[in-house]
Amino acid sequence: GAVVSQHPSWVICKSGTSVKIECRSLDFQATTMFWYRQFPKQSLMLMATSNEGSKATYEQGVEKDKFLINHASLTLSTLTVTSAHPEDSSFYICSASSAGGVSFSYEQYFGPGTRLTVT
Amino acid sequence: SQQGEEDPQALSIQEGENATMNCSYKTSINNLQWYRQNSGRGLVHLILIRSNEREKHSGRLRVTLDTSKKSSSLLITASRAADTASYFCATDAGGAQKLVFGQGTRLTINP
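Protein sequence lines, in the order shown, are assigned to chains H and B.
For the first sequence, the tail end lands on 119 under the numbering used here, and the numbers increase by one without skipping.
For the second sequence, the tail end lands on 111 under the numbering used here, and the numbers increase by one without skipping.
Computed cross-link-like contacts, PhoX-like style, restricted to lysine-lysine with a CA-CA straight-line distance of at most 25 Å:
#, chain 1, residue 1, chain 2, residue 2
1, B, Lys98, B, Lys70
2, H, Lys20, H, Lys55
3, B, Lys98, B, Lys69
4, H, Lys66, H, Lys55
5, B, Lys70, B, Lys56
6, H, Lys20, B, Lys98
7, H, Lys14, H, Lys66
8, H, Lys64, B, Lys98
9, H, Lys41, B, Lys26
10, B, Lys98, B, Lys56
11, H, Lys55, B, Lys98
12, H, Lys64, H, Lys20
13, B, Lys26, B, Lys56
14, B, Lys26, B, Lys98
15, H, Lys66, B, Lys98
16, B, Lys98, H, Lys41
17, B, Lys26, B, Lys69
18, H, Lys14, H, Lys64
No lab work stands behind these hints: they were computed from the structure.
Keep in mind it's a predicted model, so treat the numbers as computed, not measured.
Please build the complete structure, drawing on both the sequences and the hints.
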């Protein structure tokens, strides 16, 4: 099946620093990647949609200057949390989908998540 | 925005029993999916049901979809301790491949 990886799996950073999280599709080309955040015992909230080679589309209420998304290739998207603060501490999950191929239609394949703790 | 509502929010049953989780949504959909999430992990896709389907099976999983009531259910039969996880429904109501997730049901299987 389609595999999506994230790196790092967890990170602790100091307030004011920036953190980059990578999302990779390992065995397929992902034309679209999605970034979610999840607070403890809550559901996933979509932050932004990332299409290869174009600017990300952010959901309402998500600061694009704070959460920088780059989708430079068909297998890699990055999320950079800039000037992180304790309230940014959360579980960040990416997913990837491929526009081509019937078997991938509609389905998103999720990475294992990255736990960010800002101290 | 999260539009799906799931109930119950938490469910605890004995191993071997069946577990049923429900999901309701508000707008028209093309398909609905169910995912499982183990604590602190990513999501695992379980099953997708299209709007023109009423029921779908996959192993011990049975999913139903009632578009007239805008609801779906996930039944796990003969539950096992390894089924302990959170279960989320997700619809394509967000458009452009976006998924809108329900609030999830935390399922605990007691040995």
